[in-house]
Amino acid sequence: MIPLYYNTRSLWARRLSTGLTVLGLGLVVFVFSAVLMLANGIESALASGGDPRNVILLAEGSTSELMSNVERDALRALGSAPQVASSVEGNPLVAGELVVPVLLPRGDGKESNINARGIGPESFAIRPTVRLIAGREPRMGTNEVALGEALVGRSPGANLGGELVFAEERWPVVGVFTAEGGAYESELWVDVNRLGPAFDRPGLSAVVVRTGSEQARDAFIKGVEEDSRFTLEAKSEPEYWADQATWLATFIRVLGLFVSFIFSVGAVLGAMITMYAQVAARIGELGMLRAVGYRRRSVLASILIESAVLGAAGGVLGALGALATRWMEIRTLNFQTFAEIRFGFTPTPGIMVAALVFGTLMGTLGGLLPALRASRLSILDALRA
Amino acid sequence: MTFGRLVWKDLLRNPLRLVLTVLAGAVGVMAFIFLRTVVDLFYSSAESAQADRLFTRAKASITADLPLSYLPRISTVPGVDDITFYGFFGGRYGDSQRDFFGSAFVDPPSFMRVFDELVVAPREVAAFQADPCGALIGKELAKRYGWKSGDRVTLQGTIYPGEWTFNVRGIYDVRTGSLDTNSLFFPYRCLNEKLPDERKDRVGAFMVRVEDPSRSAAVSSAVDAMFANSPYPTRTESERAATLGFISMLSAIITAVQVVATVILLIILLVIGNTLAMSVRERTRDLSTLRAMGFKSGRVVMLVLFESLAIGLCSGGLGVLIAPPLVRGFVAVVGSQMGGLPADFMREGTLVLGVLAAVGVSLLAGIIPAWRAVRIPVAEGLRKVA
Amino acid sequence: MSTAPGQEAKSPLIRLRGVSKAYRRGDIVVPVLENVDLDIEAGAFEAFMGPSGSGKSTLLNLISGLDRPTTGVVEVGGQDLARMSDKELSDWRAGHVGFVFQLYNLLPVLTAAENVELPLLLTPLSRAERREHVAAALEVVGLGHRMGHRPPQLSGGEQQRVAIARAIVTDPDLLIADEPTGDLDRKSAEQVLDLFEVLHHELHKTLVMVTHDPHAAERADLVRHLEKGLLQ
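Chains as they are written, first to last, in my numbering: chain A, 1 to 385; chain B, 1 to 386; chain C, 1 to 232.
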């Protein structure tokens, strides 16, 4: 084999060309991995809102809390199921909740749709991932709200001790909570018995139940489906939230991957230009290698490896660049929940590997024709050059 | 031998490289046009929104509804020419996300009056208005499922529980405007009669046509003022403002697409810059010879920049040629998964922007190579072997 | 053609019979070598001279397995090169021939030691063995102290000596030199030629050299002249 350091040093010898090409490949890999990280970020932001022991019950046919209408009568009946876990005080962990999108003014004069969640006394206990980081829980029977951490500062008055105004009423902020990055962080929570009347919504959107274990959960879901008293659809909480992410994540993935594909064509051409130049500039060297006894195949492999190195360098650069976007966060409207969600670029080892493979593949593809040309050179012509 | 001919000859020194560079540039221009078109797509509904139409909904929340009893009161507001209403039904057809399409209940006669951009055969209009559970469906939607007049369509209610069956009575197209042709409309009566009392006679929004579009703002305030102290305060905006408000909530996505469009310009910059850098490097001696003969540095810089410009123009031209079929292909493949996209949205302005971007980027790409060409002293350049 | 007297019994290292070579330039066939017979004994040091276009480089290419004859037999060490595939030729060259070119043909991005090591990478030698061989070869050409330098940091004469080290590092039977002094000043050329004599006399290498330089040709045991594709 022709030693690898011959390739790496030859690339280094033409630093400008190599650098520009690696940068181009890197940008493509950057877009590619950023898109995957983003789609993954949306999914994990929404999906991490779910606890596997929790069950969300919606009206039959509804896909989202926003559209669902559940009678209040269901609450008591569901709470008496044997699989339902109990709070420290011995109350069943069941809550009737109502979700209403609220239009809040933003600092920049525009508006955001924020989901307000009307909660029951056990809503916090049902979701151990939701933890207050400041202030206290809103008291039942009052207009007090707790803000998801993502909402702090998003609207005038959206901070601890501040006051929000919507539905012609005032809502003092008494607490701020996190939800391990889940969608609840983009919500505001308030007593359902205050939120419902404010929006003239006597019913509930959903009933949330915490079961004793995942087995109990499955038994509970089965029980609800078989019980003719209910026309409800039961889903585990993670499943429910994962469904809410599909449209937006698909949109970003499809668009992003399509764009990455087009970009990659450009970058492969760029790599090809560079590798053709590398071969052209080193014809004499390649001829000598052949004269000394290296086979055509070795020359082919050498040039291919060189272009793969070029691509891998682009891959590393792009992946590192994409990793640097971790601190960025994006807020946008989720069409499915009609509310603003916050998410970030979430890398996974799989995405990083894919980025490196993608970069290497682009480089190798770009080197294919130049490598074939190099291996087909006649030794004598090459030595004469 | 003219200056132009010198540029031409230099370009053709390495035809393979020229072709590859132009191809890469064209691919970039194409991607740029594609992304700009996606951005245009977001704004297109806002631009085509009717100026003389107002949109009145509950102030509290997008999903909150309003009592139907507001309709006669709004009609009395001075300047209101006509009024209709609609309610989001959100029916589900099939289980997968790609089967989703918009469905809403309307009052057929007034709906057809206020949305006069709808094109429906007169015979079908009559049939739609006569059937209490008739449905008017969009052209794209009809094509997607092969539905025609007389077919029965059953939707699973998401907001209104149960299964709802409608008879297709007509197929509409739109002349222009914000309505897509992927929706299903049916008469209010069909739903209202089967609802429990507390959900009866509630609508999602009122659409008001004003006599004089320039008085839209005044009419809007008058409507909102009328209900300010009622249990259901309203919020009235022009159709355009409502759409723009919706788009602003998506601004992060639009920004992301714009960032990516800028990235593609950077990639083109790198590819063209690389080619020129190579070509200058290989011609160090030739260019030094020109300078030795008396060519001024500025001339040599021009030579390189003209080459760059030529590559940019070729890339831009080729990109503009291949972009429209690509975008159409993408929409054909993906559009239906996204709930339908309008068929014709490619704009001349975007194509022109693509060419301008290519030209600008190519000139930028030529700067460093041109500088390198005149940087080394003539005597040293003359000795350089490639 | 010529054979030294008294060595009839021993078969020559290089044996050419009826070798012709013609190149096609478009529709015209240009004959370069015509019906050449040639024997070169193992351990000989021979020089070929002749004007440009006389076919001496082509002859060298045929002997070293870089090219194949149009007709005729080229046998080196008993093997018929004309019948070998491209792959077999590559392997044969790696094992049996060392090259010295007019323009040295060193890889500018590699150090002297790495350049010399290149042919060894085609052998099964271990890393340590390779290092030993490289050091020995560079010692022979008197450049043991410049192992880590790259070609652009060396003078022309030094570069050519590195090339010679590369040629001998695999201990080949045959050394092929194409205008080895063509690009060198007098003093460097003499050093290179001295080195050839050492290789010839002390290491008993077979050397075949093409040259324009009468000083270089003088050093050979035998000088052959080529004229218009014919061996004089």
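FYI, nobody ran anything at the bench for these hints, they're computed from the structure. Fair warning: there could be bad hints in the mix.
Now the in silico label distances, taken between C-beta atoms and shown as ranges [as the list claims (entries may be wrong)]:
no., chain 1, residue 1, chain 2, residue 2, range
1, A, Gly19, C, Leu125, 35 to 45 Å
2, C, Asp37, A, Val357, 56 to 66 Å
3, A, Arg76, B, Pro78, 18 to 28 Å
4, A, Gly19, B, Glu348, 44 to 54 Å
Some chain B residues close to chain A (C-beta under 10 Å, calculated; not the full set) [as the list claims (entries may be wrong)]:
no., residue
5, Lys9
6, Leu11
7, Arg92
8, Ile159
9, Gly245
10, Ile254
11, Gln258
12, Ile267
13, Leu270
14, Thr275
15, Arg281
For every residue, glycine included, the Cβ atom is placed at its ideal position computed from N, Cα and C.
Against the structure, the hints:
1. Gly19/A - Leu125/C: 35 to 45 Å: holds, 36 Å
2. Asp37/C - Val357/A: 56 to 66 Å: Cβ of Asp37/C to Cβ of Val357/A: about 59 Å, so the range 56 to 66 Å holds.
3. Arg76/A - Pro78/B: 18 to 28 Å: violated, 52 Å
4. Gly19/A - Glu348/B: 44 to 54 Å: Because 37 Å falls outside the window, the suggested range is violated.
5. Lys9: Check failed: Cβ of Lys9/B comes no nearer than 19 Å to chain A, outside 10 Å.
6. Leu11: This hint is violated: Leu11/B lies away from chain A, its Cβ roughly 14 Å from the closest one there, beyond 10 Å.
7. Arg92: holds, 7 Å
8. Ile159: holds, 5 Å
9. Gly245: At 6 Å from the nearest chain A Cβ, Gly245/B passes the 10 Å test, so the hint holds.
10. Ile254: holds, 9 Å
11. Gln258: The hint is violated - Gln258/B has no Cβ within 10 Å of chain A, the shortest such distance being about 12 Å.
12. Ile267: holds, 5 Å
13. Leu270: The hint holds - Leu270/B has a Cβ within 10 Å of chain A, the shortest such distance being about 4 Å.
14. Thr275: holds, 6 Å
15. Arg281: Holds, because the Cβ-Cβ distance from Arg281/B to chain A comes to roughly 8 Å (cut-off 10 Å).
Taken one by one, the earlier hints fail for this structure at numbers 3, 4, 5, 6, 11, listed in ascending order.
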